[in-house]
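Undergrad: Sequence:
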Amino acid sequence: MLRVLTRSVPRNAATLTRSFASTAPAAGRVAKNKEATQTSVLATLSKAQNLFKTYKPVSPGLRHLKRPLSPHLYQGPPVRALTVAKRKTGGRNNHGHVTVRHRGGGHRQRIRILDFHRAEPGKQDVVRIEFDPGRSAHIALLKHRNPNAKELWTYIIAPDGIRAGDVVESFREGIPDGLVAGFTDPYWKGRNPEPSTPTPASNPTTPPTSDTTSAPVESTSPSNPINPFDAEPVAQAPTQAFEFESDDDARQLSIGLLRALIIRSGNVLPLRIIPPGTMIHAITLDPNGRAILVRSAGSFATVVSQDAESEKDGKYTQVKLQSGEVRHILSSCCATIGKVSNANWKDRSLGKAGRSRNLGWRPSVRGVAMNTHDHPHGGGRGKSKGNKHPRSIYGLKKGVRTRRPGPKGNKLVVKQRPRGKEKRAK
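Each residue of the sequence shown is one higher than the one before, counting from 3 in my numbering.
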């Protein structure tokens with residue numbers, strides 16, 4: 003019996019040794035994978051933390067304060083000639099009645115005058131990126147390279163990723179002849195211009211001088227110095243002679259070269275030229291109107307498809323808006339390429355109520371906390387609105403649509419935005 007036990011011990015030990023030796027590499031791989039996963043998670047968290055500026059909690063107001071980091075913003079005041087004074091009304095109309103609730107007070111501000119038409123053709127240099135207290139997105143100061151332009155200095159909504167020293171251009175009037183060999187835009191308005199000599203503007207918008215209290219026009223250290231006399235080369239046709247099977251092949255090549263040249267962030271183009279899948283913002287609903295849709299921070303729309311031309315309704319482009327709604331927009335309308343800047347604005351935290359008051363917002367009081375004559379939910383014993391349907395302060399029932407859908411509603415809407423359970427599912 004003892005002999006059997008003594009023989010079995012080494013045999014079991016050898017088996018255990020072989021088993022440990024076989025599992026050691028697997029355990030090492032698991033440990034390495036775990037370390038790699040932890041490293042990637044920490045890198046992601048550190049990257050997310052670098053997007054916002056937090057403060058040491060030396061006071062209650064700084065404990066939860068979180069602001070998006072924007073080191074590229076200009077720290078000085080705006081161009082005063084491109085601003086107007088904002089006269090606050092506190093949400094009251096000419097009769098003194100409150101028409102907009104929760105408004106009042108706030109710091110003194112000046113409204114920045116933005117160019118939502120972008121009708122002036124030609125190249126414009128981005129001088130600097132500025133903060134606008136009246137909107138969530140950043141704004142960009144542009145200087146036109148043509149000294150005889152109608153508006154030499156303008157503000158626009160800054161697209162995401164644009165910096166001082168970049169160049170943007172507006173093709174709202176169409177694609178000029180000669181930009182790409184072999185491509186001719188039949189809708190270009192400047193093909194047969196009226197004979198006239200260019201004259202300087204009667205009252206051009208100029209930057210303020212040093213004797214005023216406004217900011218000097220200076221760039222925020224562009225990576226490449228701006229030289230207005232250096233023009234970008236025009237895309238020419240290949241020197242080698244190509245034989246195309248049809249004219250459609252040559253046209254497709256010209257369209258491809260054209261899109262590679264002009265589809266850049268900040269450029270304004272008609273919707274008929276923008277390819278499907280491109281992110282756009284600042285969309286117009288009138289071919290000669292101003293930009294109306296998709297102008298808030300971080301928002302963007304997507305071109306879905308180009309519809310066939312119809313004699314009755316004209317040619318439309320299907321665009322998917324930020325809300326998820328897909329609608330028809332005239333192909334002659336224009337949009338700006340890219341996404342709106344300051345996408346992290348929605349994740350900021352003011353930290354205290356005083357900063358909200360500085361922005362002009364007053365407190366929002368619950369209806370159940372009011373008296374009976376102040377709100378349909380007011381009155382009663384305790385915190386209860388009674389057996390009443392949810393209503394607004396004006397008595398409008400919750401859940402009622404404000405616009406008629408279907409065939410008698412907006413006929414330009416292809417697909418309604420998700421509501422209710424559809425929205426929660428996403």
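Hints are supplied without guarantee of correctness; some may be wrong.
[As the list claims (entries may be wrong)] Taking lysine to aspartate or glutamate pairs in the DMTMM-like style, the calculated list, with each CA pair at most 20 Å apart, reads:
| # | residue 1 | residue 2 |
| --- | --- | --- |
| 1 | 341 | 187 |
| 2 | 341 | 37 |
| 3 | 410 | 424 |
| 4 | 55 | 37 |
| 5 | 88 | 134 |
| 6 | 152 | 187 |
| 7 | 152 | 117 |
| 8 | 410 | 327 |
| 9 | 145 | 179 |
| 10 | 417 | 349 |
| 11 | 317 | 117 |
| 12 | 425 | 288 |
| 13 | 55 | 349 |
| 14 | 317 | 187 |
| 15 | 341 | 153 |
| 16 | 341 | 327 |
| 17 | 125 | 187 |
| 18 | 322 | 349 |
| 19 | 191 | 134 |
| 20 | 68 | 288 |
No lab work stands behind these hints: they were computed from the structure. Since the structure is predicted, the reported quantities are computational estimates derived from the model, not experimental observations.
Undergrad: Where does the structure disagree with the numbered hints, that is, which hint numbers, in rising order?
TA: 1, 2, 3, 4, 6, 9, 10, 11, 12, 15, 18, 19 and 20
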